[in-house]
Amino acid sequence: MLDEPSLRGRPVIVGGDGARGVVASCTYEARQRGVHSAMSSIEAKRRCPDAVFVHGRFSRYEEISTRFFELLVAATPLVEPLGLDEAFLDVTGSMALLGSPEEIAWALRERVAAELALSCCIGIAHNKLFAKIASRRAKPVATPARVEDGHGVVVTMPEDEAGVLALLRLRDLWGVGPATAARLERLGIGSVAELADLDVELLVGHLGRATAERLTELARGIDDRPVSASAQTKSIGHEETFAVSVTARAELVRHARRMGGAVARGLRGAQLRARCVTLKVKFDDFSICSRSHTVDFGIDDDEAVAAIASLLVPDVPERGGVRLLGVACSSLEAGESAVQLAFELSDPVEARRAVDVAARHRQGDLIALRAAVDELRRRHGPSAIATAAELSESGIVVEPRRREDAWGPRLDDDEDAALRR
Amino acid sequence: MKFRSERDTLVEALSAAARAVSTRAVGATTGLHLVVKGNELTTTGTDLDLTVRAVIEVIGIDDGESVVPARLVADAVRHLEPGAVTIEASEEKVEIAAARSRFSLRAFSPGDFPTLPSAGATTTTVPAGELVEALRQVVRASSSDDARPLLTGVLFTNEEGTLRLVATDSYRLALCDLPGRSAIAGDKDLLVPSRALSELQRLCGGLADDAEVGVVLSETEVTFSAGSTTISSRLIEGAYPDYRQLIPASYPNRLHLGKESVLAALRRARLLVKDNTTSVRLTMHASGVDLKVVSHDLGDVEETVDGDFTGEELTIAFNPTYLIDGVDAVSGDEVVIETSDSARPAMVHGAEQASFRYLLMPVRVQ
Numbered sequence: 001m002l003d004e005p006s007l008r009g010r011p012v013i014v015g016g017d018g019a020r021g022v023v024a025s026c027t028y029e030a031r032q033r034g035v036h037s038a039m040s041s042i043e044a045k046r047r048c049p050d051a052v053f054v055h056g057r058f059s060r061y062e063e064i065s066t067r068f069f070e071l072l073v074a075a076t077p078l079v080e081p082l083g084l085d086e087a088f089l090d091v092t093g094s095m096a097l098l099g100s101p102e103e104i105a106w107a108l109r110e111r112v113a114a115e116l117a118l119s120c121c122i123g124i125a126h127n128k129l130f131a132k133i134a135s136r137r138a139k140p141v142a143t144p145a146r147v148e149d150g151h152g153v154v155v156t157m158p159e160d161e162a163g164v165l166a167l168l169r170l171r172d173l174w175g176v177g178p179a180t181a182a183r184l185e186r187l188g189i190g191s192v193a194e195l196a197d198l199d200v201e202l203l204v205g206h207l208g209r210a211t212a213e214r215l216t217e218l219a220r221g222i223d224d225r226p227v228s229a230s231a232q233t234k235s236i237g238h239e240e241t242f243a244v245s246v247t248a249r250a251e252l253v254r255h256a257r258r259m260g261g262a263v264a265r266g267l268r269g270a271q272l273r274a275r276c277v278t279l280k281v282k283f284d285d286f287s288i289c290s291r292s293h294t295v296d297f298g299i300d301d302d303e304a305v306a307a308i309a310s311l312l313v314p315d316v317p318e319r320g321g322v323r324l325l326g327v328a329c330s331s332l333e334a335g336e337s338a339v340q341l342a343f344e345l346s347d348p349v350e351a352r353r354a355v356d357v358a359a360r361h362r363q364g365d366l367i368a369l370r371a372a373v374d375e376l377r378r379r380h381g382p383s384a385i386a387t388a389a390e391l392s393e394s395g396i397v398v399e400p401r402r403r404e405d406a407w408g409p410r411l412d413d414d415e416d417a418a419l420r421r
Numbered sequence: 001m002k003f004r005s006e007r008d009t010l011v012e013a014l015s016a017a018a019r020a021v022s023t024r025a026v027g028a029t030t031g032l033h034l035v036v037k038g039n040e041l042t043t044t045g046t047d048l049d050l051t052v053r054a055v056i057e058v059i060g061i062d063d064g065e066s067v068v069p070a071r072l073v074a075d076a077v078r079h080l081e082p083g084a085v086t087i088e089a090s091e092e093k094v095e096i097a098a099a100r101s102r103f104s105l106r107a108f109s110p111g112d113f114p115t116l117p118s119a120g121a122t123t124t125t126v127p128a129g130e131l132v133e134a135l136r137q138v139v140r141a142s143s144s145d146d147a148r149p150l151l152t153g154v155l156f157t158n159e160e161g162t163l164r165l166v167a168t169d170s171y172r173l174a175l176c177d178l179p180g181r182s183a184i185a186g187d188k189d190l191l192v193p194s195r196a197l198s199e200l201q202r203l204c205g206g207l208a209d210d211a212e213v214g215v216v217l218s219e220t221e222v223t224f225s226a227g228s229t230t231i232s233s234r235l236i237e238g239a240y241p242d243y244r245q246l247i248p249a250s251y252p253n254r255l256h257l258g259k260e261s262v263l264a265a266l267r268r269a270r271l272l273v274k275d276n277t278t279s280v281r282l283t284m285h286a287s288g289v290d291l292k293v294v295s296h297d298l299g300d301v302e303e304t305v306d307g308d309f310t311g312e313e314l315t316i317a318f319n320p321t322y323l324i325d326g327v328d329a330v331s332g333d334e335v336v337i338e339t340s341d342s343a344r345p346a347m348v349h350g351a352e353q354a355s356f357r358y359l360l361m362p363v364r365v366q
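Those protein sequences? They're chains A and B, same order as listed.
Using the working numbering, you'd call the opening residue of the first sequence number 1 and step up by one each time.
Using the working numbering, you'd call the opening residue of the second sequence number 1 and step up by one each time.
None of these hints come from the bench; they were simulated from the model.
Hints are all accurate, no fakes.
The calculated lysine to aspartate or glutamate pairs, modelled on EDC-like cross-linking and capped at a C-alpha distance of 20 Å, are:
#1 K274(B) / E333(A)
#2 K274(B) / D296(A)
#3 K274(B) / E336(A)
#4 K128(A) / E161(A)
#5 K234(A) / D275(B)
#6 K128(A) / D85(A)
#7 K234(A) / D297(B)
Using the sequences provided together with the hints, build the complete structure.
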């Protein structure tokens, strides 16, 4: 909308338009026709055949998101991001300086509109649960007839909380997904009010103590989770859904290597190193399998991560075509990179340790090579230099594909025609 | 089987043998085999790889044998009042009595205890003092990683007619020559599990200065005898990695330091090391060396140790524990650290004696 004013007022869907695409987001015009995010693109096209599909431009989102968060941090340092475009703010400490929460909210909304030309909705309450609900009520409402403007800012005062709770469905509560909702319904709990009245001990046996206590408290409107600004990164990863399922192991190895390299660059960008590499595979039957390998030193070298990721491919069971592959790095550590070098000894070496040895060599000995490649890419672009695994029929693919194809692979013309028929 | 013994002598024999018994064992292998013959008690403990046999003099009352729960009996005797202890065993139970205490414990059937090969005739002897010092210097560099079985042992090899001990865990390598002592098995290399050698070190601690350790070899086993105790161990099979190619011919840089001052400084610096990733950085310059540890979480520590340095000024990082191990292993008051660059192994040795060398791979810091 911001960059393409011609799309304003039209049903626009951001997402993959291929057979395996999903809707990442859509305009309220598309919502009027029953499209919602996470819906398959095929279903979205059926409901709204004249929708304009646009591919996500991740780098542009990141750019706007960075500027958006700069505005938020100006209001309070206690900003807890919920994705790229949403956050919890604790403005308790800002009230003396910037006024009441409602004044801060309206000022923030104006600044976002003025500086980013974007609209946003803000919910205000004394805890996260009611703030999130209030923000939903602040949004525009799409009905088949028309799109009604939202309130923009909605405040829930403590005395109104009971009324708000009464209107909630179970699924609106944090942590209640389809599975938990179904389980609660089997127990005869169909509403938030029923859950709130229940003795928590009766639920413990079914949901476990932690979940049972959290849910009954939420149902009673009790939520004392703090807004924490420093949520630490636990893992860095990347996954892709293939347009056509991959069956050849050699090709899986090639993808694993390429993604491993991309994740390693992500680690370097975040100035972190990982000790654990996990390979995740989703098969055509939607079953998921993951395998991981841990080394005793932190790695952020492309080849080190790639070698470990590809080592894990043979561990993946044979279960038919692979529709999704992902590589994730965890056990992250900050600080300087330190690798204990080792002698090259001639005692018998199994494959796993051979990979550790290679990773140790790459991480420890080839520091200059890594720096040189990073510098080349910084100066001449990411595809200035590539490894063989990053070469594909369509040229050099160095950047993670997520930037374009996060919500499913692109559609080629024949496929598109077939789907619209 | 029945005998009387003084508590402390008995505890020593029982605990030495019990140390060979595996904590994971079941049945009779969790036991100690006790045999009384005349006035001689033989106690044997084994995990089938390692066997410790201690022989002591007792007041024999009835000859016989019994297999008793190793740790329990050793602990029970240790906790008795000082003085005489009487042990009497039948097929099913063992009774331990001293002063007014009396244990009656279930025993195992002697028939269930594994049959162990008896050691042959002594092949050679090594002065205990020399062997203990060499083991002190070398065993520390062996690996505890069972995935690399060859590295969990210490190599006894023939270096131009002299006995040489070598160990490495692939990060550091320690080697020690025993000049004037010939190799144990001629040109044949022996690879002895370091666990057995740690026990041998412990046992030799109580020996007289001029004592000798006897060595008996068979195809698959080596037996060391120290005083009245013997340690038999299975040998590790396989060809030890070629360690000679790892040792550089010469080093351009040489740092000469007082052993105690650098050890104390390294131990202070190590206080900031809470995991195995933090390294100690050594900057070597004409007047000595600057040590520095930077911990991402805790802060940093710096210290300068005076010394003599010849060569190009350089900074090199090490795992502080490995470096302390190397410096501590050196005998004598002065230590030399030789280096070539920050990615190649450094050599730690004493200033006077050349028989011990400790090669250490650096930590590569970015």
